[in-house]
Amino acid sequence: MSEHQHGPRRGMSRWILTTNHKDIGTLYLWFSFAMFLIGGSFAMIIRAELFQPGLQLIQPEFFNQMTTMHGLIMVFGAIMPAFVGLANWLIPMMIGAPDMALPRMNNLSFWLLPFAFIVLLSSLFMEGGAPNFGWTFYAPLSTTYAPPSVTFFIFGVHVMGASSIMGAINIVATVMNMRAPGMGYMKMPMFVWTWLITAFLLIAVMPVLAGVVTMMLMDIHFGTSFFSAAGGGDPVLFQHIFWFFGHPEVYIIILPAFGVVSQIIPAFSRKPLFGYDSMVYATASIAILSFVVWAHHMYTVGMPLAGELFFMYATMLIAAPTGVKVFNWIATMYRGAITFETPMLFCIAFVFLFTVGGLSGIMLALASNDFQYHDSYFVVAHFHYTMVAGAIFSMSAAVYFWLPKWTGRMYNETLGKAHFWVSFVGFNLTFFPQHFVGLAGMPRRIPDYALQFADFNMISSCGAFLYGGAQLFFLYNVIHCIVAGKKTDKPRVWEGADGLEWTLPTPAPYHTFTAPPEIK
Amino acid sequence: MTDHHAEASETYYVPEQSRLAICLAVSVAIMVVGVANGINSINPKFVETASSYGWLVFFGGLALFLATLFAWFRVTIIEQQQGLNSRQLKHSYVLGMQWFIFSEVMFFVCFFGVLWYARNLSLPWLAGEGVGALTNEYLWRGFEYSWPMSSTPQEVVGISNQPIANNGQFSSPGATVDPWHLPLLNTLLLLTSSITIHVAHTALKANKRSLFNFWLALSLVLGFAFVAFQIVEYVEAYNELGLTLSSGIYGSTFFILTGFHGFHVCLGALMLAVQWLRSTTRGDFSAEEHFGFEASSWYWHFVDVVWLGLFLFVYIL
Amino acid sequence: MLLRARLLRLLVHSTVASVGSTAAVFAEEAQRWQTNLSPGVTAVGQKVYDLHMDILILCVVIAVLVFGVMLYALIAHRKSTGRKPAQFHENTKVEILWTAIPVVILVAMAFPATSTLIEVYDSSDAELDVMVTGYQWKWKYEYITPQGETVSFFSAMSTPQAEINNEQMKSEHYLLDVDEPLVIPVNTKVRLLITASDVIHSWWVPALSVKRDAIPGFINEAWTKPLKVGTYRGQCAELCGRDHGFMPIEVKVVEQGDYQLWLAAKQQEAGKLKSLMAQSFGLEEMVLRGEKIYNSSCMACHGGEGEGGLGKAIRGSTVATGDMEKHLRLVISGVPGTAMQAFGGQLNNLDLAAVVTYQRNAWGNNMGDSAQPIDVYKAKKEQ
Ligand code: HEA
Ligand code: HEA
Ligand code: CUA
Ligand SMILES: [Cu+2]
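Sequence order for the protein chains is A, B and C. For the first sequence, UniProt numbering gives the first residue as 1, with consecutive numbering after it. For the second sequence, UniProt numbering gives the first residue as 1, with consecutive numbering after it. For the third sequence, UniProt numbering gives the first residue as 1, with consecutive numbering after it.
In isolation and in its complexed conformation, chain A is listed as follows (with noise of 0.2 Å):
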């Protein structure tokens, strides 16, 4: 090994030629933080117009832009790209490895995101405007009627699905290849183990992705008939193929989310994770189930009974797993010795709310009063309370927890607690009330609506306005415990913390494990 591989470079050439792990992690850190201040100005301008019935702000036309590109942005480029960046952090550190396995092309997965969505974002200035079909862009309204940009889209989410494929084998190959020895399967960490699982439903789901974009690309240029009844294909396929990757994608979203609270909330109740191995297997069955279950988005489109019956009973039985989990963590509470820093509360809150948002699923899932609930804001309201309470909440609370070991130096307690509340208030009053409107008959992805609505609406976007606005004490406390942070030089920050990751110095090494720890 030369020398200069001891420490970072100095200069932009650190992150933009970088092979090292930390440093990589950060990039997709920062990226991911960016999408979610973009993606959350445009939910912004959504909660504005919606504020009151009427059009007041923007057009329909560019309403659907925003609900678009808020879907894909938030997806795509916040929640994945962030949970990609903990992996990079966390995963070596907590396997006693000393990088990811194959470094440099790392490096290509994160660098050809910004491009990805440079694209993406740029389609907001083109003619016509950018993609204007929903995040599950549904053919015909995304092939024979979309606009012009269309094709940079899918253009776009082809250079991302390959991003997170690469992403995906590199960390499939790290977790398999790298650990120390003596760190058995059995003995990883539950993140580890979660962001295993979630890397081969990446590598499984995504090509599915770039076939489906790949067959729109073929029916509005080049004249197949694959969405198109008149040649014999069908529109509802599109539908079919998409959720056969959207399904597991929400699993993708959830379990990296599921394994940061397995680490946090131990580390918090002082006391070890409660049935490590039926986590492991509950992770497992909820990934594999969540390829037999896409379908329940579906219900309204026609299919036979017995389709409809199928894919609601494979539905059902997620609950089961994903119920042991929350149980799990529960039971890791139940007579520890529980403190409340903010990591803590996040996760709190996160078993809290997504569990509500679980139970929200399962009333979805039942066929036929979904026929009701369908394409309503119920469904908008329950997947915010699986996507933000869930994996935003479990984010923040990652950054909370692992940011000390970062950067040598302590968040500010007081601010992060505030962070903590007002996002908790703003975020039960955006969207709760939106189980109401929604069951009382407001569809989504519309721009005005009729008076009945107009009250829950008001309040939700106030909420809306709170929750980002705790977004900004997020950033500031982030950026200011960087940079001037109390120091910080314990390598167990906190007192319940267990892992490898806390034996190594802190703040972290720049190349982390020279040599293979020990495992007990």
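Because the hints were derived from the structure by calculation, they are not lab data. Take the hints with a grain of salt, since some may be wrong.
List of simulated lysine to aspartate or glutamate pairs, DMTMM-like, C-alpha gap at most 25 Å [to be verified]: (1) Lys-90(B) to Glu-518(A); (2) Lys-252(C) to Glu-142(C); (3) Lys-45(B) to Glu-127(A); (4) Lys-79(C) to Asp-455(A); (5) Lys-170(C) to Asp-455(A); (6) Lys-272(C) to Asp-243(C); (7) Lys-189(C) to Glu-288(B); (8) Lys-312(C) to Glu-269(C); (9) Lys-378(C) to Asp-323(C); (10) Lys-90(B) to Glu-288(B); (11) Lys-79(C) to Asp-498(A); (12) Lys-79(C) to Glu-413(A).
The hints should help you fit chains B and C with the ligands onto chain A, whose structure is shown.
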């Protein structure tokens, strides 16, 4: 600590910074902007919004892409030969290749799924089976299911009477490719090439260099012959059979499956060609160390297996 | 389990209702501050509503139990109470138990869900068939009647743009009024054959307990049997482009007798229209008629002055100032692969002739010729 420990600690390998990734990412970005403009510019609907330089930009990006890829593999090969690669890193490459092939499998699974859906669900429904009774009665009366399609639903009711507004023109394939001529030949070619590549591998493991070169070259020739025949088949399909991309769902599935397969054969052939050049001009590979070749040969076998699926489901059944 | 839930429902219901926030639960139309599904006016709707309440309460119970234990732990097992953490980390018995119990609950849920679903799917023995076709952005209703003229009409939102732009007080049924509602008889099983002509839409009327996607090129069946006379409203529920939010549905459920009267009148109207098809009309009359059609069908894309927009300009275009037959054909068949729809199936021959005539004689297009229904008939036949 065990020996294994000590050994691993010596061999932890951390590569230096590298320009390769950023070059590749930039080239991909250039290609994407170029190809999207290029494709929009050949679509009459979008031509006004597209830059006419699209294809030029694309090919510029492609050149950079290929050059970077070349440099990238050069670097990995050099590292490997200088003995910089630990056992662990070598195993990472193995895993990387295996999971990459798995992702490719899923890519094809998607298109085979489409074929299955069209043949077993959407077409029978359009023809009035199962839940499609009313669909056929009111929208596509007279459409009957057959595979290959003797007429598209659109043709049966007439383009101006079809219930769907403005979505292109789909005519039935005039005729379809006879599986027992070119496709059978191609099956034999690819199967043989899979065998020859295996023989080459055996030769390499037995350290028989010239035999290895010969069998590898033979596999390559077979691969190129396959691609050539595939091109002949396409030309015939378009010029003589009237089987085109717009031949309804039959044409759509036929070309997307065979097209992507053909593209992957080309990739595989390129990989094998590189290995052959490495072996003949630089004397790379040893009986124990030949992962570049091995990975390419896995890929080749994978392409072969996909073809068997194609031959069965696209051509014969 | 479900019985218990039902009892609980009563309990929760009465308490919640007394707070007042679900006072609207039993009304047919959505109300201000409505927080819950409405059972609507069909037997199936009632069943779905009951199941919804059962499951909801079950979920609330699960939530209360789970969160109760969590809350207890959070309060009782704080570090600040000075306790030492226990170190247990598995217990196979409880783990099996809390896997098995949810499975049992899920199975219990699956039974009523299955039977309700089977009912939703049973569209047999319908007494009336109505074909519902979604267009960007309006609905077309076609009564499939065994005898007499076919009755078919479009139904588009009638809320004025000025209300939407906040230039005028919003009316009571803001965004939910249509120019011509669907009319169906009460106590009659009506089968809806739902499809679309361009993109996917979804026909949703909560009170009738129907939501079914309108897929271009396929027909989906749904059915309803309203038990109460009244007006019920809904909206398109699948993103279908710019005006997805402005594509309401209004259904008038009327007494059998009223329905028959209405149908007869409609059929007579249709018959009259048919006889018009054989006549020819003067230029002025056609232009006048055409202007209305233009404004409702073409203006959105081609602009109020034919200046173009989403679609090409018509003012001074080669089509509108060229061969009339070509012009007719373009309007009838549309341009495949573009937003220019085929209007041949949307407008009757008279209206097609009128709108083409208007386009050829408005905004400085001074062709002076007028198309007649018979020309349209011929042009359609030739294709
Ligand atoms: C992180 C993302 C995430 C997660 C984890 C989930 C989890 C679940 N989701 Fe959700 N879902 C989405 C994201 C997610 N979803 C999104 C984005 C959409 C909309 C997409 C779009 O259309 O744009 C959607 C839509 C959606 C639909 C389609 C609705 C419609 O459009 O009509 C359905 C229907 O079945 C559904 C069901 C479920 C179920 C059953 C779960 C289950 O996994 C939940 C399991 C968890 C629990 C049940 C709670 C804990 C369990 C216990 C405490 C045990 C005891 C419980 C019982 C016995 C019930 N989801
Ligand atoms: C993980 C994914 C994710 C996340 C985090 C969010 C976060 C938020 N979402 Fe979104 N959402 C989706 C995924 C997500 N969403 C998806 C997939 C859809 C479906 C799209 C579709 O239908 O196709 C959707 C749709 C959707 C809708 C329905 C739109 C429609 O149907 O037309 C709404 C409406 O309220 C909404 C609101 C919000 C809000 C208020 C937030 C907030 O949590 C955002 C908070 C963050 C910020 C605000 C950014 C930080 C702050 C600033 C930049 C400072 C500026 C702040 C102020 C001005 C106060 N989302
Ligand atoms: Cu029609 Cu939405
Ligand atoms: Cu799902």
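Structure-based check of all given hints:
no.: 1; hint: Lys-90(B) to Glu-518(A); verdict: holds, 23 Å
no.: 2; hint: Lys-252(C) to Glu-142(C); verdict: holds, 15 Å
no.: 3; hint: Lys-45(B) to Glu-127(A); verdict: holds, 12 Å
no.: 4; hint: Lys-79(C) to Asp-455(A); verdict: violated, 42 Å
no.: 5; hint: Lys-170(C) to Asp-455(A); verdict: holds, 15 Å
no.: 6; hint: Lys-272(C) to Asp-243(C); verdict: violated, 33 Å
no.: 7; hint: Lys-189(C) to Glu-288(B); verdict: violated, 77 Å
no.: 8; hint: Lys-312(C) to Glu-269(C); verdict: violated, 35 Å
no.: 9; hint: Lys-378(C) to Asp-323(C); verdict: holds, 15 Å
no.: 10; hint: Lys-90(B) to Glu-288(B); verdict: holds, 12 Å
no.: 11; hint: Lys-79(C) to Asp-498(A); verdict: holds, 18 Å
no.: 12; hint: Lys-79(C) to Glu-413(A); verdict: holds, 18 Å
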